[in-house]
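2 protein chains.
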Amino acid sequence: MKHPYLIVLGVFVLAVWSAPPAEADNEQVVPKQFTVYPIGQIKKQDRRTTIILDRKYQPGLLGLDGFSHVYVLYWFDRNDTPRNRSVLQVHPLGNKKNPLSGVFATRAPVRPNLIALSLCKVISVRENVIEIDQIDAFPNTPVLDLKPYIPSIDTATATLPEWLKSK
Amino acid sequence: MKHPYLIVLGVFVLAVWSAPPAEADNEQVVPKQFTVYPIGQIKKQDRRTTIILDRKYQPGLLGLDGFSHVYVLYWFDRNDTPRNRSVLQVHPLGNKKNPLSGVFATRAPVRPNLIALSLCKVISVRENVIEIDQIDAFPNTPVLDLKPYIPSIDTATATLPEWLKSK
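Line by line, the protein sequences are chains B and C. Each residue of the first sequence is one higher than the one before, counting from 6 in our numbering. Each residue of the second sequence is one higher than the one before, counting from 6 in our numbering.
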């Protein structure tokens, strides 16, 4: 072989040529999916509504009892089907008198990602159990996250669409 | 074989004995994980902050322009490591003067499920683009959900822990 460096050069050229193009910062590739794990469950017994956290997450509750209100993020697990996750428009509250709306303009329990958000009053925090006043969720609903409610960042002087103003 | 029915009986007894016990309603087994899919990304360009939805989700925006404010749920994607997801206590805002707190008593970007929640002012909704006033998130952050802000269910007269009252 007279020119072995030609092979080396060829391999190099091929490697550069076949590499994926550099991504501009605003074209960053985002992973197609993420995984969430239940941290506990909602329980309803004897007129009490509680969130029972898995014991391993109990250290995450330190100081929550200083807040009067907490956002509960949970999973609409009964709707976790490809069909329910593909719904993009609904009549809010299932009432045909409410105008057809995109799911991102409603709090409907069908949406691409079945994350629910409720603001709840904290009654007590004991060990791994948070008692709340109430929540519009089925018993045993999996809970994903808790966040303290901080009015300075979590409230706004808001306007609403006409159909909702009378509610 | 003199007593073949003994074998049938044996198999039956074994099947019943090895079946999992019936679950009481309040002991329902919850799936160990769920999957979330980005619906779009946060962009920051020319002093404008926008959420660019994937085109396929555009029908979900119908009517959102009637609301002045929207909750943006996004994913702290830069912290999606087993290590960051196992952090359960932090000093809020990374300031050691703030008392050690459970992550569920803070809005820290490290937590078991990396869901972020920000209330944002809607500037405009055009096709698959929502312009918002601002958001404390990196460019290209994946967005998981949008929910309209409805003061009657999303506000409360709240109290805060002492260390936060001066903020």
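Where hints are given, some of them may not hold.
For chains that are exact copies, the list does not tell them apart, and a pair is met inside one copy or across any two.
Claimed, not checked - Under the rule of at most 20 angstroms between Cα atoms (straight-line distance), these lysine-lysine pairs were calculated in the PhoX-like manner:
{"hint": "1", "residue 1": "Lys37", "residue 2": "Lys61"}
{"hint": "2", "residue 1": "Lys102", "residue 2": "Lys170"}
{"hint": "3", "residue 1": "Lys126", "residue 2": "Lys37"}
{"hint": "4", "residue 1": "Lys37", "residue 2": "Lys48"}
{"hint": "5", "residue 1": "Lys49", "residue 2": "Lys126"}
{"hint": "6", "residue 1": "Lys126", "residue 2": "Lys170"}
{"hint": "7", "residue 1": "Lys101", "residue 2": "Lys170"}
{"hint": "8", "residue 1": "Lys101", "residue 2": "Lys126"}
{"hint": "9", "residue 1": "Lys49", "residue 2": "Lys170"}
{"hint": "10", "residue 1": "Lys126", "residue 2": "Lys61"}
{"hint": "11", "residue 1": "Lys49", "residue 2": "Lys102"}
{"hint": "12", "residue 1": "Lys48", "residue 2": "Lys126"}
{"hint": "13", "residue 1": "Lys170", "residue 2": "Lys37"}
{"hint": "14", "residue 1": "Lys102", "residue 2": "Lys126"}
Keep in mind that the hints were calculated from the coordinates and are not lab data. Only a predicted model underlies this, so the values are computations on that prediction, with no experimental measurement involved.
Please name the hints from earlier in the document that this structure breaks, with their numbers sorted from lowest to highest. Hint check: 3, 8, 9, 10, 11, 13, 14 fail, others pass.
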